[in-house]
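*Asks:* Protein chains in written order, with the UniProt record's numbering: chain A, 1 to 342; chain B, 1 to 308.
Just so you know, not all the hints are guaranteed correct.
[Stated by the list, open to error] Below, simulated DSSO-like cross-link-like pairs (lysine-lysine); rule was C-alpha separation at most 27 Å, straight line: (1) K52/B with K69/B; (2) K69/B with K83/B; (3) K15/A with K213/B; (4) K61/A with K213/B; (5) K15/A with K278/A; (6) K83/B with K52/B.
[Unchecked claim] A few chain B positions that, by computed beta-carbon distances, are all more than 12 Å from chain A: (7) R28; (8) V62; (9) A96; (10) S155; (11) T168; (12) G235; (13) R268.
Calculated directly from the structure, the hints in this document are not laboratory data. Source: prediction; values computed, not measured. The C-beta atom is built at its ideal place from N, Cα and C for all residues, glycine as well.
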Amino acid sequence: MGAAKSNLVELRDLKVAFDGVQVLHGIDLTVGRGEALGLVGESGCGKSVTWLAALGLLPGKAGVSGSVRLEGRELCGSPRSTLESVRGGRIAMIFQDPSSSLNPVLRIGRQITEALALHRGLRGDAARTEALRLMDMVGIPDARSRFDLYAHEFSGGQCQRLMIAMALAGEPDLLIADEPTTALDATIQAQILDLLIQLRAETGMATVFISHDLGAVSQVCERVCVMYAGRIVEQGTVEQLFAAPRHPYTRGLFDAIPRIDGPRQPLVPIPGTVPNPKHLPAGCAFSPRCSRVLQSCHTELPPLVPQGDGRLLACARPVPLALVIHAAKPRTPARIVESALQ
Amino acid sequence: MISFVLTRLLRAIITILAVVTFAFVVLRMSGDPAQVMLGPDVPQDVIDAFRKAWGLDQPVWVQYLAYLKSIFTGDFGVSMRDKASALDLVLERVPATLQLTIPALILKLVIGIPAGIYAALHRQSFADRGVILLAILGFTIPSFVMGLILVLVFSIILGVLPSGGQDTWVHGILPTITMSIGGIGILARFSRSAMIEVMGQPFIRTASAKGLKWRDVVWSHALPNAAVPIVTIVGFMVGSLIAGAVVVESIFSWPGIGRLLIVSVSNRDLAVVQCILLVIAATMVVSNLIVDLLYGWLDPRLRSRAAH
Ligand SMILES: Nc1ncnc2c1ncn2[C@@H]1O[C@H](COP(=O)(O)OP(=O)(O)OP(=O)(O)O)[C@@H](O)[C@H]1O
Ligand SMILES: [Mg+2]
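Start from the sequences, fold in the hints, and give me the full structure.
*Replies:* Written out as structure tokens, the structure is:
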């Protein structure tokens, strides 16, 4: 089991239901040590829920089943104290809306030193010095004089930097970045992405990058998982997926990206909307919107199976390889995708 | 900051002035003190002499200006009944009222807030439903009904607690409980919803994602945020401490300010009634002021807004 040894986190058949409505239908996912994995899909497909469930951060009414292993240790259903020791210290998470993700009535410095005390036992001046170093590292100018300010005295981009500093405080092995740039404007988005890339290079921590933005994913990640309606439908390296998206849904996501380079092509949004988890279509959940749909797609759910090139695919009639060459250029710096995806 | 304090101060003065004016006008329109004080069968010249002696023969606006002038010089008038300083009469009663209201306030705080917070943290549990039910009962039953029920049960049926008077501390038990039940209910419900609101905020998820223990998430991240709305309602309660004593003191014949107010109103003892209303208004205004200052202390966002 050489492969398993280097896996940091393994999700097996992770399922989540809210009030009896199932929103995750068995997610299998591994994150290798130091790896950067992208998670894409339209709003509501379960990207956030997957990782909130893994860390036990969903509200009590959520029913979670399956397995979440961190270096082989089971987290799903484990006692609160086990989860608390993992959160922040082994797996840290940052969120979409940085301004409201920081406590409004506590000083910023205090929120960072709290994490330092918790995970590294630093107190007093040592904690303060380290917090200032982290603030510096994530690019907060003049950290010393801003240590005692509150969240509302920082911009959205700076709040996200502070969130990242707080996440780094625990020296985690994995950082889950849940749409860290969605609430920010374009130039700030680019800066935060650069910061994440740089920090990963410096610290070697693995990153799960959740995004609507395929361009951003291609910059940050090596491997991409495409989710639809609570399932993974395609998974492969960034190069594979960008060169040849096989699932019609993945293909649809690429076609909806405005291209800055190359010939101007009309944008093709995916027809229809994301199904309500309460009334999921029978068979393949994407079948009502799929351009390549077969009769059987409405009744049979295609399993997620390995392909010859190493990618995983769940489709009865995938896009043929020949057709998709040059469908999209790898590493497209298109960060404007999000509007097309939402 | 200076303009902040000044506007608050100005508002406080205007509020007090409004209360004083309102009391003055209403009292003078609602019956003749001479008639009430002297009884029905008094010759007209006695009544006239009484009016002249108390300045009631003057036009109302002259009386009003004279009254304003005297309260600004610290003179709150003389009781028509006891011929003593109205302020002294009122201040004499303050300790008795505080003997009820302070313990009642403490009960409200130490029962209401923890119950609400506990319910919020154990939503949908048996305890939560119990707290909601009791809270609703607590603040929907009017205090005179509650007082009578308690007297019926503990004084008449069980015979364990006295139903009136101020002789020993035991006499204070029923009035204190009566006075606190509504407030406990309000605080429990309010704390519960404030806490539920805060616990749903993204920064609470951040605090949990950080690896903080549940207890620390609640104590150091949720409670300081829930404190802002809770302080509002507590401030309101402190402000209405004396006003709230009126009904309960009458039910339990407790010789505090509230009972003095009832007696003085029925006697048309103008100076005393006005003095009590002034004290009530002043308590409300002062507690509002304190709440405003506490806000700034509790919520840095408000602090910087007030500074601009
Ligand atoms: N606390 C909750 N209670 C009930 N349903 C929830 C809750 N959180 C998420 N859901 C549901 O779970 C599904 C997946 O939500 P999730 O937040 O994971 O989507 P997402 O892929 O992260 O979307 P987005 O891109 O908008 O963040 C959605 O249908 C959502 O309505
Ligand atoms: Mg999400």
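*Asks:* Now tell me, hint by hint, if it's right for this structure.
*Replies:* Hints versus structure:
1. A hinted pair counts as satisfied when its Cα atoms are at most 27 Å apart, and K52/B with K69/B qualifies at roughly 19 Å.
2. This hinted pair checks out: K69/B and K83/B have alpha carbons roughly 20 Å apart, not beyond 27 Å.
3. Between the alpha carbons of K15/A and K213/B the distance comes to roughly 25 Å, so the proposed pair stays at or under 27 Å and holds.
4. A distance of roughly 20 Å separates the Cα atoms of K61/A and K213/B; the hinted pair therefore holds under the 27 Å criterion.
5. As the CA atoms of K15/A and K278/A are separated by approximately 15 Å, the hinted pair is consistent with the 27 Å bound.
6. Distance check on the hinted pair: K83/B and K52/B sit about 15 Å apart at the alpha-carbon level, within 27 Å; holds.
7. At roughly 49 Å from the closest C-beta of chain A, the C-beta of R28/B stays outside 12 Å, upholding its exclusion from the interface.
8. Every CB of chain A lies more than 12 Å from the CB of V62/B, the least distance being 53 Å, so the non-interface label holds.
9. At roughly 40 Å, the least C-beta separation between A96/B and chain A is larger than 12 Å, which holds for a residue marked as non-interface.
10. Distance check on S155/B: its Cβ is at least 45 Å (rounded) from any Cβ of chain A, clearing the 12 Å threshold; non-interface status holds.
11. With a minimum CB-CB distance of about 45 Å to chain A, T168/B clears the 12 Å threshold, and the non-interface call stands.
12. Listed as outside the interface, G235/B is consistent with that label: its C-beta sits roughly 18 Å from the nearest C-beta of chain A, beyond the 12 Å cut-off.
13. Remark: the non-interface label on R268/B is consistent with the geometry, its nearest Cβ contact in chain A lying 51 Å away (cut-off 12 Å).
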